[in-house]
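Undergrad: So you can see what is in the structure, the chains are spelled out below.
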Amino acid sequence: MNNPLTVAASINLLLQELRRDIIRMAAHSGHVGVALSCVDIVAALYTGVLNCTPATVNHPERDRFILSKGHGCMALYAVLAHRGFIDRALLDTYGQNGSVLAEHPLAGKVSGVECATGSLGHGLAIGAGMAQGLKLQGTGSRVYVLLGDGECNEGSVWEAAALARAGRLDNLVAIIDGNGLQACGKYDEISPGSMLADSWKSFGWDVSEADGHNYQELVTVLGHSSNNGVPRVILCNTVKGKGIDFMERDLEWHYRPVKGDDRDKAFRRLNGA
Amino acid sequence: MRDAFFSELNNLFRHDRRVVFLTGDLGYKLFDQLKEFDPARVINCGVREAGMIGYAAGLAKTGMLPFVYSITPFVTLRCLEQIKIDLCYNQANVVIVGVGGGFAYGPNGPTHHGIDDIGALSCLPRLMVWTPSDPHEVRLCVRAAATLENPAYLRLGRNKEPNVFASLKQTPDISEPALVQAGSDGVIVTSGFILHEVLKAADELARHGIHPAVVRITTFRPFPKEYIRLLCADNDALMTVEEHIANGGLGMEIARVVAESGNGKCFRMLTIPADFPDACYDRDTLLARSGLDADSIATAYRRLFRPPEMAKTDRDG
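Chains as they are written, first to last, in our numbering: chain V, 1 to 273; chain L, 1 to 317.
There could be a bad hint or two in this list.
Said to hold, decoys possible - A short, non-exhaustive set of chain V residues, derived as facing chain L with CB atoms under 8 Å:
1) A89
2) A125
3) G127
4) G138
5) G140
6) S156
7) A162
8) L235
9) V239
10) G272
What the hints assert, rightly or not - In the DMTMM-like style, the derived pairs of lysine to aspartate or glutamate whose C-alpha atoms are separated by at most 20 Å in a straight line are:
11) K135(V) to E252(V)
12) K135(V) to E154(V)
13) K200(L) to D185(L)
14) K84(L) to E154(V)
15) K84(L) to E103(V)
16) K265(L) to D173(L)
17) K109(V) to E154(V)
18) K109(V) to D185(L)
19) K35(L) to E81(L)
20) K259(V) to D63(V)
21) K135(V) to D16(L)
22) K225(L) to D236(L)
23) K259(V) to E61(V)
24) K135(V) to D38(L)
25) K109(V) to D87(V)
Please keep in mind that the hints were generated in silico from the structure rather than gathered at the bench.
On a predicted model such as this, the values are computed, not experimentally measured, just so you know.
We put the beta carbon where it would ideally sit given N, CA and C, even for glycine.
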């Protein structure tokens, strides 16, 4: 049967492989640091949590996932390809003319993408509405929405947070990719004194924290279900650029495509060199 | 129009379990009937218009049919990007209902005027825009919402609009422009509940021996371009009247068709000047100050149809 050590090793291999896919795509665009910070969360969702497969991608009772921070989409594309929602060869077209894999997810073009995102602050309200619709229809499906910590600057996030609490949406889970870095600075410098955990608590949400790069912990915390009428948020501690040492916590990699020597060096790091 | 909306929505709500009513904390007592029937499908979102649009998009994505309701500017410009991305781009079939289009909320001031809603929303692909001209047409729009293939915007007045079509035997088809009054002296095209001012103007013109036809457009998006192209083909007098600024509105849209047709020797558009009023005024006064009351409309059409010099020649002849 499944030897835990073998399972752990295969998960590590998967996460490395997803990072290789991201580096390959990142030759054509920025946001590599963002994708590396959230890829472990997206992988945990699609391999260990979500009740959604390529065969059930349009089933009314599937679980839903919304990548509200649409600029992290290289992570999503890599995971969707790994799970067979999209052809792996598509990844090579990322960001190219005519490709369905744009630098923010397009609407209705990619199997597994529930809705287009890219403008921040939209995904949580949509996810909350979906969770409400699923409740009205009496299904037990759940909705997961991944946001950035910087995205929580948007007022619309807090409108959605209040709406979800009022709707008693315990089938809704918000996940915060808390890498602490926004587009032009640190979260704490841009919003000094703002404590995200306290903010979510004050909106009446059930708040937990997790290591956003610990697969097993993520699967456990994300998979936890409740029926207490309270939506849940998981604040994930993450590192922007995680897994490639020279990219970690460096804002430069919010923008820079990965080419030439950088690309070779990144692949060497992923191979353990 | 507001009462007609809630009455018809109540009918739809009882028969179609997909219908969900969302309000931005407005419409006191007006949705009580809905709540009594099925409270789970009535959601007061609070004063959170952006969140409400996204929420409605999510509901629609699970197969529900949401109606979102607030005062015109709050449910249009306030949450314009949510309408663009969550509804139009993501193809979530939601009906946005704006109460108080045009100057309906006159004395409430420019924060509550809905005179730029159509122009702003007309930038957005896929959005259907309905500008019904009387309470009966509001009912037809609500019924049409049950078979929507796109998101839609429904522009309501308030509650004083006369039943223009009550006396007509034939129910107008809201999906097509309709000839409200036949005439032999050119045409006035209008959209929305300012139709009753236009009809009053037409009566006034008739007293001067001028008989323009009156056409109303209720489905403004998609725009009935072909109808207008045929309408301006004879190069007769053509005037547009709308309770909206020029940008993105009826007149500009028709002007484009007229210009492309090569006709348009005799064309005029009446619109609200894009400016903020200097004081508190009611709707009638704001219309008059904008040149959109019946008298001003009649005067403008007389000048277009029979320019002063021609009128002088007529007298001399």
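Undergrad: So if I understand the rule, the pair passes when the alpha-carbon distance is 20 Å or less; does K84(L) with E103(V) pass?
TA: 19 Å, holds
Undergrad: Let's test the interface hint: is any C-beta of chain L closer than 8 Å to that of G140(V)?
TA: Cβ of G140(V) sits 13 Å from chain L, so the hint is violated.
Undergrad: Return the status of the interface hint for A125(V): holds when the least beta-carbon distance to chain L is below 8 Å, violated otherwise.
TA: 3 Å, holds
Undergrad: Starting from K259(V), check that the Cα of E61(V) is at most 20 Å away, please.
TA: Measuring from Cα to Cα gives roughly 42 Å; hence the hint is violated.
Undergrad: K259(V) and D63(V): Cα distance at most 20 Å?
TA: Since the Cα atoms of K259(V) and D63(V) sit roughly 37 Å apart, the hinted pair is violated (cutoff 20 Å).
Undergrad: Would the stated hint for G127(V) survive a check requiring a Cβ distance to chain L of less than 8 Å?
TA: Where the cut-off is 8 Å and the nearest Cβ of chain L is about 6 Å from G127(V), the hint holds.
Undergrad: Double-check L235(V) for me: the hint is only fine if its C-beta lies closer than 8 Å to a C-beta in chain L.
TA: 21 Å, violated
Undergrad: Is the hinted pair K200(L) and D185(L) satisfied, with a Cα-Cα distance of at most 20 Å?
TA: 16 Å, holds
Undergrad: Using Cβ atoms only, decide whether G138(V) comes closer than 8 Å to chain L, and label the hint accordingly.
TA: Because about 11 Å separates G138(V) from the closest Cβ in chain L, which is outside the 8 Å limit, the hint is violated.
Undergrad: Within a Cα-Cα threshold of 20 Å, do K109(V) and D87(V) meet the stated pairing?
TA: Answer holds: K109(V) to D87(V) is near 13 Å, not above 20 Å.
Undergrad: Take a quick look at whether K135(V) and E154(V) sit within 20 Å of each other, Cα to Cα.
TA: Distance of about 27 Å is beyond 20 Å: violated.
Undergrad: Quick check on G272(V) please, does its C-beta sit within 8 Å of some C-beta on chain L?
TA: 42 Å, violated
The structure fails hints 1, 4, 5, 8, 9, 10, 11, 12, 16, 17, 18, 19, 20, 23 (numbered hints given earlier, in ascending order).
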